[in-house]
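I would like the entire structure built from these sequences, with the hints used as guidance.
So the chains spell out like this:
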Amino acid sequence: MNKLWQPSAPIENLRLRAETLNQVRQFFYDRHILEVETPILGRGGSTDPYLDSMITVCSGGGMSESVTLYLQTSPEFHMKRLLAAGSGPIWQLSRSFRNGEASKRHNPEFSMLEWYRPDFNLQRLMAEVQELLEVVLGEKAVGFSRYRDLFRTHLAIDPFDTSLDELRCHATDYAGINASDLDRESCCDLLMSHVIEPELGQEGFTFVYEYPAAQAALARLKSDQEGDLVADRFECYYQGLELANGYHELCDPREQKERFSQDNKIRRQLGKSTVQEDILLLEALHSGLPDCSGVALGFDRLLMLRAGITDISEILSFDMNRA
Amino acid sequence: MDKILTKTITWSFVGYILQAVRKKEVYQVVIRPESIGENEKSFNFK
Chain D
628 MNKLWQPSAP
638 IENLRLRAET
648 LNQVRQFFYD
658 RHILEVETPI
668 LGRGGSTDPY
678 LDSMITVCSG
688 GGMSESVTLY
698 LQTSPEFHMK
708 RLLAAGSGPI
718 WQLSRSFRNG
728 EASKRHNPEF
738 SMLEWYRPDF
748 NLQRLMAEVQ
758 ELLEVVLGEK
768 AVGFSRYRDL
778 FRTHLAIDPF
788 DTSLDELRCH
798 ATDYAGINAS
808 DLDRESCCDL
818 LMSHVIEPEL
828 GQEGFTFVYE
838 YPAAQAALAR
848 LKSDQEGDLV
858 ADRFECYYQG
868 LELANGYHEL
878 CDPREQKERF
888 SQDNKIRRQL
898 GKSTVQEDIL
908 LLEALHSGLP
918 DCSGVALGFD
928 RLLMLRAGIT
938 DISEILSFDM
948 NRA
Chain G
3 MDKILTKTIT
13 WSFVGYILQA
23 VRKKEVYQVV
33 IRPESIGENE
43 KSFNFK
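Read top to bottom, the protein sequences are chains D and G. Quick note on my numbering: the first sequence kicks off at 628 and runs consecutively. Quick note on my numbering: the second sequence kicks off at 3 and runs consecutively.
The hints are simulated quantities; they were obtained by calculation from the structure and are not laboratory data. One or more of the hints may lead you astray.
One side only, chain D facing chain G, incomplete, derived with CB under 8 Å [what the hints assert, rightly or not]:
1. 819
2. 820
3. 823
Every beta carbon over 12 Å from chain G, so not counted as near; a handful from chain D, in silico [claimed, not checked]:
4. 659
5. 660
6. 702
7. 739
8. 755
9. 770
10. 842
11. 868
12. 910
13. 933
Here are some chain D residues the structure puts well away from chain G; computed CB gaps all over 10 Å [what the hints assert, rightly or not]:
14. 635
15. 661
16. 670
17. 849
18. 862
Beta carbons: idealized from backbone N, C-alpha and C, even for Gly.
Here's what the structure looks like:
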C-alpha cells in the first residue's frame with residue numbers, strides 16, 4: 628500500500644516546530660518588533676542570476692488581462708516597502724519558494740524567518756541573531772571571521788588578490804572538475820561551499836562577513852581595511868550548515884535598478900529568462916528606505932539543528948515528494 | 003559507498019550542470035538527485 632499520504636515528519640517533530648515558533652514569536656514580541664504578513668505572490672521577482680522563481684499566471688475575476696506572478700523567493704521586497712512606509716522594525720515567518728533547490732537540506736517550498744531593524748548596523752544585528760539562536764539552540768561559542776580571512780586560513784589564498792587562473796586551478800584541484808572557464812565568482816562560490824563551509828560552526832555559531840562586492844545582492848558596499856570594495860553583509864553557520872544571511876540594506880534606488888539590470892544581463896548570458904524587476908520596490912526606495920539592516924534565517928534548518936536531524940523532510944509535515 | 007568515490011560522482015554531476023549552463027542548454031533541475039549530496043552552492047537566504 629502506498630504510504631506517501633503519511634507525513635514526512637514524525638508528529639513529535641511537528642510539536643517541536645510549534646514550540647519553536649512560539650519561542651520565536653515571543654522573542655520578537657519582547658523586543659517590540661511588529662509581526663507582519665506580506666504577499667507570497669508578487670508582480671516582481673528576484674533577478675538574482677542564481678535563483679529561479681516559480682511562476683504562475685492569474686486571470687479572470689474582472690481582470691482585463693492575465694498577470695504573471697512570481698512566488699516570492701523571500702519576502703524582502705514587500706518588507707522593504709513596509710519599512711519605506713514607516714513600519715519601524717518588522718519580522719515575519721514567510722513561506723518562500725525556489726525552483727531547482729531540493730535536497731536533504733532544501734525543500735523548494737520552505738519557511739523563511741526574516742526581520743529588519745532600522746538604525747541597526749551589522750554588528751548589532753549579528754548580536755541579535757546570536758540571541759535568537761541561543762533561545763532555540765542554547766548557548767554556544769561564537770566566532771567571527773572575514774570572508775577573505777577564511778580563504779587565507781583554509782586555502783592559503785586571498786580571493787580578492789588571487790588571479791582568476793589561480794582560482795580556477797584551486798577550484799579544479801579541490802572540486803575535481805574542469806573549472807577552466809568558470810568566472811571568479813563561481814570559483815569562489817565552489818571553494819567556499821565545498822572546502823570552507825563544511826568546517827564552519829563546528830565549535831559554535833560562526834559569522835562570516837565582508838563578502839566580495841560581486842556578491843552584494845541587495846547589500847551596501849563599503850571599503851575594508853585593505854581598501855578593497857566589499858559587500859556589507861554576513862552569513863551565519865552552525866555545524867557546517869548555512870543558517871542566515873544578513874545585509875546592511877542598499878537604499879539607493881539608482882544603484883538598485885542598476886543591479887537589477889546587471890542581474891538580468893547575466894541571466895541572458897546564462898540562457899535564463901529575465902525577471903520582471905520590482906518597480907514598486909524601486910518606487911519605495913525613491914520614497915525613502917530608512918537606514919536599516921535585515922536578515923533572513925532558514926527556519927526549517929534551525930529546526931533540523933534543534934532536532935538533531937540531517938534530512939529536512941523530517942521537520943516538514945509534507946515534503947515536496949508528498950505535497 | 004566509499005566517501006571519496008561518492009564525492010567524485012557528486013562532482014561529476016556538478017560539472018555536468020555547469021557545462022550544461024555554459025552551453026546555454028535548456029536545463030531545469032526540479033529535484034536534485036541524492037548524488038548531489040550536501041555540497042551545494044551557497045543557498046543565500048534572503
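Status of the hints after comparison with the structure:
| no. | hint | verdict |
| --- | --- | --- |
| 1 | 819 | holds (6 Å) |
| 2 | 820 | holds (5 Å) |
| 3 | 823 | violated (10 Å) |
| 4 | 659 | holds (23 Å) |
| 5 | 660 | holds (17 Å) |
| 6 | 702 | violated (9 Å) |
| 7 | 739 | violated (6 Å) |
| 8 | 755 | holds (15 Å) |
| 9 | 770 | holds (18 Å) |
| 10 | 842 | violated (8 Å) |
| 11 | 868 | violated (9 Å) |
| 12 | 910 | holds (21 Å) |
| 13 | 933 | holds (17 Å) |
| 14 | 635 | holds (14 Å) |
| 15 | 661 | holds (19 Å) |
| 16 | 670 | holds (20 Å) |
| 17 | 849 | holds (18 Å) |
| 18 | 862 | violated (8 Å) |
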